[in-house]
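In the numbering used here, the protein residues as written are 25 to 415.
Wrong hints could be hidden among the right ones.
Below 27 Å or equal to it, Euclidean Cα-Cα: the simulated BS3-like pairs (lysine-lysine) are [to be verified]: (1) K142 <-> K209; (2) K268 <-> K209; (3) K379 <-> K93; (4) K404 <-> K379; (5) K268 <-> K281; (6) K281 <-> K209; (7) K234 <-> K320; (8) K209 <-> K251; (9) K234 <-> K251; (10) K320 <-> K93; (11) K93 <-> K281; (12) K96 <-> K370; (13) K251 <-> K281; (14) K268 <-> K320; (15) K281 <-> K320; (16) K94 <-> K320; (17) K370 <-> K94; (18) K370 <-> K404.
Pairwise CB distance ranges, derived in the manner of DEER restraints [to be verified]: (19) F186 <-> M147: 34 to 44 Å; (20) R399 <-> S256: 17 to 27 Å; (21) E173 <-> V265: 53 to 63 Å.
No lab work stands behind these hints, which were simulated from the structure alone.
Positions of the beta carbon are idealized from the N, C-alpha and C atoms, including for glycine.
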Amino acid sequence: MAVAFRMEEVVPCTKCTLNPIPRSGHRIVVDERNMFSVGGYNPANVSSQTDPPNVVVLKEVWRFNFLTKKWKQMVMKGDVPQFLASHTVTLHGNTLVTFGGSGVPFGEQSSNDIHLGKLDLNMDTVTWSCLRCSGDRPERKYGHSQITEWPYLYIVGGTTGFIYNSDVHRLNLQTCHWDILFDSKQSGENDTAYCPEGRYRHEMILYDNKLFMFGGGLANAVYPLDKIPVFSLETMKWEEVETKGDTLAHSSSDTSKGYPSARRCHSCLLFDDRMYLYGGRCNSRIYSDLWYLQLKTLQWHHIPLNMNVTCFFHHAAVSQSGCMYIFGGVVSTDSEREERTNEIHKIWLHIPSLKEMAWLVMSDYLTSSPSLPTRGELLKLGVPRDCAQRV
């Protein structure tokens with residue numbers, strides 16, 4: 025039975041013999057049927073000393089089906105993006121939209137290209153094309169954040185590997201024209217307007233026509249979460265807003281006086297009027313905490329979890345029905361080599377509807393059957409069309 029705010033591991037089908045290797049620096053997107061993992065990094069993905077350095081950057085797309093619980097590596101076609109570590113990805117319809125990213129060594133090779141990946145789920149292919157754009161194109165970068173709100177795509181912050189910024193760029197996906205909405209290099213010492221410190225591996229959401237930026241940092245620094253940089257798309261200016269701490273949150277190394285501790289390499293997502301934050305890193309500490317910020321009141325709430333899954337450089341996404349999925353990341357830095365994972369976890373962010381609960385029960389029954397029924401057969405049985413389309 026689905027319970028709100030209970031973490032569960034999603035175990036792939038035992039019949040699935042091909043699974044993605046552990047990874048970090050990847051990105052995931054979800055719909056009601058599948059989770060797509062794009063790119064990533066694993067330094068152990070080297071079979072010999074003759075392998076090129078970029079073999080550790082995983083130029084691949086995997087699809088995980090929620091019904092069958094099977095992974096499928098999709099065939100890459102066309103102009104495949106080459107810099108798929110600490111890049112960004114959003115899903116628009118059946119098209120992946122990626123920007124930027126780094127190769128190896130980090131910062132020495134990076135991208136400022138927009139790639140579109142057309143998904144064909146019948147053939148399990150992704151056909152890539154590079155979008156030719158005009159205007160004030162962002163510099164090559166990685167560790168930035170991306171929001172797609174048709175017809176616009178927003179890119180905020182990031183690093184070249186040496187220089188960090190808090191620039192705000194906007195791409196019109198219909199005209200393929202870039203505009204720079206805020207140039208942090210033009211914000212000098214004599215400028216009294218607020219400008220947040222440049223950063224990478226922060227997270228961002230779009231709410232009430234404003235871009236909210238959470239955490240992030242430099243290679244050796246992180247930014248706090250009690251005060252949030254917010255960029256207005258009406259005034260084209262940054263401001264810093266003060267949030268309210270959770271007075272009921274237990275004091276621990278995960279909290280800072282009722283606020284989530286400063287961090288980078290975490291994940292944030294928007295569901296209803298709440299921003300949910302999970303995991304991340306500050307120096308040698310790896311977090312496993314879940315928080316949400318009520319955006320109407322700017323009130324933080326800490327959510328105790330039943331599992332202690334520490335991770336950073338992971339990624340998370342939420343389905344329309346309100347289920348948050350977390351995949352991959354670095355889970356340990358205790359040994360000489362960082363330990364990465366390919367585990368999937370999920371958390372319902374609210375109590376699902378009765379229809380959704382019924383579908384979850386039916387999904388378990390269907391996957392235990394010798395063969396899956398077709399969509400037409402499910403419709404004849406009275407299964408709602410939107411549920412039958414998930415098969």
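Hints not upheld, ascending by number = 1, 2, 6, 10, 11, 16, 18, 20 and 21
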